[in-house]
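Engineer: Single-letter residue listing:
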Amino acid sequence: MADFHKADVEKLMDGVLAWPAVQEMMKSPKDIDRFDKYVEILQERVEWDEPILLPLTPALFIVAKDGERVVKCRCGHEFGDYRVNWKISALINVRDTEESLAEVYKGREMPDPAWVQLREYVCPGCGGQLEVEVVPRGCPPDFDFLPDLDTFYSEWLGRPLPDTAEYKDLTPDAIGKWATPEYTKPLPELDGYAKDFYGFCKEGELRFQRCVDCKEWRHVPREMCAECGSFDWIWERSSGRGTVFSWTVADRALHPDFVDDTPYAPTVVEMEEGVRLLSQVVDCPPEDLEMGMPVEVVFDEVTHEVTLPKFRRRSGGEARRRPVSIETLELPPTIRYEKSDGIAVVTIDRPDAMNALTKEMLAALDSAFAHFNDDDDSLVAILTAVGDRAFCTGMDLKEAIPLLTSGDELGYEDHTKRQFSEVDKPIIAAVNGHCIAGGMEMLAGTDLRVAAQGATFGLGEVRWGLVPAGGSHIRLPRQIPWALAMELLLTGESIDAQRAYEIGLVNRVVPADEVMSTALELASSICRNGPLAVRTSKEIAVRALGLEDGFVLEKSLAAKVFASNDAKEGPRAFAEKRKPDFTGQ
Amino acid sequence: MTGQACIVGIGETDYCRRPGSGMSQLGIQLQASVRAIDEAGLKPSAIDGIMPFPNLGRAEEFAANLGCENLRFAATVGMGGAAPVASLQDAAAAVMSGTASYVLLPAGWNGYSGSRARQTVTDDTASIPGGAIARDYYLPYGFTAPPQWYSVIARRHMEEFGTKSEQLGLIAVAMREHAQRNPRAVMRGRRITLDDYMDSRMLADPYRVLDCCLETDGAAAVVVTSAERARDLPTKPVTIVSAARGQPYPADEITNRDDLFKTGLTIAAPEAFGKAGITPDDVDFAMIYDCFTFEVLQQLEEAGFCERGEGGAFVEDARIELGGELPVNTHGGLLAEAHVLGMSHIVEAVRQLRGEAEERQVESAETGIVTGWGDFGDGSIAVLAR
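Those protein sequence lines, which keep their order, are chains A and B.
The first sequence: position 23 = 23 (our numbering), numbered continuously.
The second sequence: position 158 = 158 (our numbering), numbered continuously.
Calculated from the structure, these hints are not laboratory results.
Built from N, CA and C at the ideal position, the CB exists for glycine as well.
Partial list, derived from the structure: chain A residues whose beta carbon lies under 8 Å from chain B: (1) Leu187; (2) His219; (3) Ser246; (4) Trp247; (5) His255; (6) Arg276; (7) Ser279.
Output of the computed footprint for chain A on chain B, the stretches with three or more beta carbons under 8 Å from beta carbons of chain A: (8) 130–142; (9) 153–165; (10) 195–203; (11) 248–261.
Required output: the full structure, derived from the provided sequences and hints.
Structural biologist: Written out as structure tokens, the structure is:
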């Protein structure tokens, strides 16, 4: 084993070691002494005292601190447990416009911001750049390196980790956000009818047995109908709505697994269908429970196998949705809402970011359309965007990344709904530029569509191991022929406006400067008709499609894809400009 | 066949919590059995019928230990706490039909030092008929034990009829009062007031700790034979005038009942009173299975001592205490004597009718009833007379 001087190691680190010496060092096998000298130098160069266990990058180190192993910047800023991707708590500068990318890429090498974005991860402590990655929109931050510290020390260095004695795994909570916590409470035995009942719950559906002959609903599951004697029954979908019938408050657990839950309230819910179900109301402290309180089902995935139906409060009676009044309609500058002559125009105004949507913008779109739906002055809405490069390119990743990686849901909490699900009045899309990914999914929620000649339409998600889970799988095959819908979904390739017109995806293709006027013409001709008739006509057409089951299915199956290795490999391959190596895992 | 079968022997172990019985579950039941057989003036070999409590032993092991070498009749009624009284009905039928001559009914457990009463179902979901339903649809939500199951019914009763916590409290207080006169009662020397009750900790709201039965070690047993054979035995026979049983619907699931307050006793009580040719007004005392206070109130209603919804008012004015209109559970019951699965209720009824209840004696007691309550509301009732 070669023995190198500490000074030479230091010169190597600083890039000032003479080339022959560098060559000699590179030729010799990795040795413990050199590692130790390297760490010693690093330790001398930082102002803090926590022992470095392993360097991660020139600026980041895994250090032993008070019985934990945390990632620490040379400036002293700490990112938390080394098993949690430090990028999550770094500052992120995203370059996803041509202008911002042009600062980095010169000339022909510049990637297309419709598909890719560059992220710079910056230390919140010192402002130093720690890492850069170029990945497709929607790709979670890459977790570059999760070292096996124990094996490295025991097998490569031949000694235990220096903090073995005081190391306590204090961060299961932090890790728990990324992993399903161990669930110790009693679970149903998934055989017989319980397997079916909970199987549907896993798919986000509450179903009860219903007699085919006398239509009687029943719960718990039985072999036959006690009302009429029939053995024929189906699993019928419940409305999911009910009222509180009775409850008990367990102030003291009578089963050891529920000790930490007290006080909790096992609650009997009487469903609209007449059957009663023992469950819990999750968003309601026991003291707030009331007889007859309206509740609706929510699903609690407690393990990979078992999802328990639980309930949450709902507003009672006819109040199907919260009305939004114009006084309370506060919109960010990126979403504009104007109305005149019965037509509401909703404009996405963020052209320098390809009209990508932030979470705030999504919420603003929802409130704008909720207002439109409840506003008796407007009958038709036109949805358009500023600029000619993009109509909408989907979610803004600067925001989507932390959401995605923290397990937060980007979609609607109610899995039976998608964008515009609750809008009963016609929406006309006026499209110019790219209408892709989330933009395309939004388009599928509109009714009439006018496209500029240069517009393109596509769902590229599968190319990167992902799926478009915003309702496209359900809406698109009902709007254009099957084979063509599948071509868009499965090849991930975009089509131009002319092709979109040919397959019936859009109503008109016009020169770019005529898009808005054409949309207004269509809107005006609708406005001449009976408002109740127009509104009801759309409501019938949409509700008759019965999309809700499909949406729930899409949500639950897509979740498996997002959790897969392919969903990581796709974006990674894209960033590395190579063909993805999909395993189907 | 009514009026021709009798209880001729009673036996009990000591009832205790700490430190526990020090015997096995079978052992304490054998001890009570030996005492009952002995009191009846019989030898174990005379016992040719055994009806063990569900899940607490098999007739075969009782017979093999006791020396019942002529066993002819072995059966268990799967009605939980309603089993002992329902077994009286079957034992009476057996001795009247000649299926057996002397039938032993044992019951007992180490409900304190062994597996706690509260865990019966969660430890073994097959132990009750609705166990698999509880396992799949109740337990995952922490709806794990009888006080929780029954309290959702109690809450509906309070909602629909205005029944008050204070009224449940009166039942708890009355049972404690009775226990003060019972040397075997675990709660002897520990009197409570209504204030104590209201101050006691919530367990399964609306049930407080003091609404709930005790968890104790102990066993009791009785011996049943025909009136004819009873004449040759040393004890004063107590006649099983009539008995009946019933189940709620559905019996294996507690939340989906059209009539939440209809229990097994709703069916059984009219039958038992009818067969006996009496009405609730003719009864001198009632031994009501008192797993929880509300179940006493509810059974008083369903047995016909008052109208449904009037149970709260019925238990007021010390009506159910000794000296009241209808003394209930003069031994203190499951709430204040010990949890002997309903068998000690039969034993106490026999003592009252023999006139052996000492300081708890109901004056000139001639007719009494005993009820049982089990699982998700199974019910049983017997009319006994001296």
